[in-house]
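So the sequence lines, in the order shown, correspond to chains A and B. Under the working numbering, the first residue of the first sequence is numbered 1, with each subsequent residue one higher. Under the working numbering, the first residue of the second sequence is numbered 1001, with each subsequent residue one higher.
Worth flagging that the hints you see were computed from the coordinates, not collected in a lab. Please note that a few of the clues may not be correct.
Stated by the list, open to error - Derived DEER-like restraints, expressed as beta-carbon distance ranges:
hint: 1; chain 1: A; residue 1: L87; chain 2: B; residue 2: Q1398; range: 46 to 56 Å
hint: 2; chain 1: B; residue 1: D1261; chain 2: A; residue 2: R15; range: 49 to 59 Å
hint: 3; chain 1: B; residue 1: P1347; chain 2: A; residue 2: I6; range: 20 to 30 Å
What the hints assert, rightly or not - Covered, in the sense of this in silico footprint (three residues per stretch, anywhere, with C-beta under 8 Å from a C-beta of chain A), are these stretches of chain B:
hint: 4; stretch: 1072-1080
hint: 5; stretch: 1121-1128
Stated by the list, open to error - Stretches of chain B that chain A covers, calculated by requiring three or more beta carbons in the stretch to come under 8 Å of a beta carbon on chain A:
hint: 6; stretch: 1089-1101
hint: 7; stretch: 1182-1195
hint: 8; stretch: 1255-1262
hint: 9; stretch: 1269-1281
hint: 10; stretch: 1416-1423
hint: 11; stretch: 1432-1445
Note that beta-carbon positions come from the ideal geometry of N, C-alpha and C, so glycine has one too.
Read off the chains here:
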Amino acid sequence: MSFQEIEHTADRAFRVTGRNMADLLENAARAIQAVNGPRTMGKASGTREIQVEGVDRESLLVNWLNEILYLEQAHQLACEQFEIVELKNDHLRARVETRSCGQDHTHIKAVTFHNLEIRESPEGLEAEIVVDV
Amino acid sequence: MLGRQHIERVAEYVWEIPKTFRDDMRVPARLYADEGLLDAALDDNSILQLVNTTTLPGVTRHAIAMPDIHQGYGFPIGGVVATCLPSGVISPGGVGYDINCGVRLLVSLVQVEEIKPHLEDVAHRLYANCPSGVGSCGHLRLSETELDRVLQDGSRWLLDNGYALREDLERTEEFGRISGADPTFVSDRARERGRNQLGTLGAGNHFIEVDRVAEVFDEATAARLGIYQNNVAVQIHCGSRGLGHQICQEYVSRFQKAVRDYGIELPDRELVCAPFDSKDGQEYFCAMACAANFAFANRQLLAHMIRRSFDEILTGKVRDFELYQVYDIAHNMAKIEEHETSGRAVPVCVHRKGATRAFGPGSTVLPNDLRDLGQPVLIPGSMGTASYVLIGTKQAMQETFGSTCHGAGRLMSRAKARKIVRGTQLRQDLTNRGILICAGSMSGLAEEAPIAYKDVSQVVEVVHKLGIGRKLARLEPIAVIKG
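So that you can see chain A by itself, here it is in the shape it has in the complex:
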């Protein structure tokens, strides 16, 4: 498993791993979709490019995940496939496959920076991410 839910009293949290930063970002996106819970899915709606800026790799991670939540909550587009196509210290560009989705009872309000640190791990990299629900 590239992600696992961990205990958090009020909100929800998960540990995510990746072989490298791009892998970590993609796995974290999958984790967000899983934590967000099941919802009604519609038709595939094509490929979309996402660009995100950040002051370091932690802020890139948070801003990337918040971008995915934004697409879902503002445009009812669930992201299914993730590919990081360009990655720098302060910038990333990704392609995502999207599918229309319902206004269901999804959980996550936002991804937080709480105690966030991307660390070296036996798998490559790991991070613990807390989301507000």
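On the provided structure of chain A, position chain B as indicated by the hints.
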């Protein structure tokens, strides 16, 4: 690791972690709790999170935790931190993503027994008329101009457009409108997320609840607020929806760089902040005030929809079912207030993250008819358990920057609650106890099971005995609409 050995007992129910605990603390951390609630707080990272808030530049007196403290992100939930103005900081994480999440209480003169035969119809109509879920849309579609008015004027826009009574605004914190709101500092994305969400409940622990006034502790004061035993009451618990989430996200992200520019070092990146009088601080405050106004308006429109639902179901069947507003309070907010520090009143920015304003008698910011009483304080319990109405006190003004607790406080993680509670079984159990449940998500229902929360009565008893909130009435649920 922070343990019981680091905590000093200052007085009954008052505990302190002294400044000497950690080099980066600017003031002591103070926790209000009985022994049991203190032990519960030590079970997770909430007290460590409280200690972290003592490092914020400009923090004054103590960082405070209420008895319902539990682990959040950045600030603990149940935290109160005041920073001296003008140069003390404002922290978006100290308000949280659901800016001006709060509670509104409506009461009627009708007794519960009279509406019981129609309760199922009322509950289903409430569920239909008050959309729930994180991304849900409301019945009102706002133009750009109308949205600007809501952001600037909050509940006042709803009054001007026939969705509020003048008395509703009188009985709302800040009269339903925080001054200083400037939509210029609200992004297109935040506007986009909020435009169709006015009058929606959201998800998580948000709810609409039909209650019975189960017990009145002070009949004379309760009567002044229209609260009588066995009568019907309705609570609304929700906030600023996607608009507030987006504003907080954007400023927390932006302040990751700002703290470097200001040379502010913090133990947790979710605590990022900026001096209140800086461009960054001012712009966040203007945007936060917009979200706060949106939240007041959201609860106002929900109150309108609740009144309409009662009308649709009860007209011709029951008399005196009109709903009057007792009060509307915020429990996630940064407010500019004057409080006594070193014997004189000074302006401070009070962050209340899961804490309620509880201004006492004599406060000049209260409407005339409440000034001799103090401010009504609304403390919702966990689903299926009691809620309380308190009244603010002078003691709270002196001790806690005019603040008190905000609810029961979580005890158990959502993951664990989902493991040991089945939503469908919980709904059945509550139904067997005479509590109707309408919920969109059974896993969401399981997460909010009463077993996952502290005992709200124990929390309220502590604040009552401390004198930072005085018990007025206890409510018990008869129908719950869950986000």
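Of the hints stated earlier, which fail here?
2, 3, 5, 10
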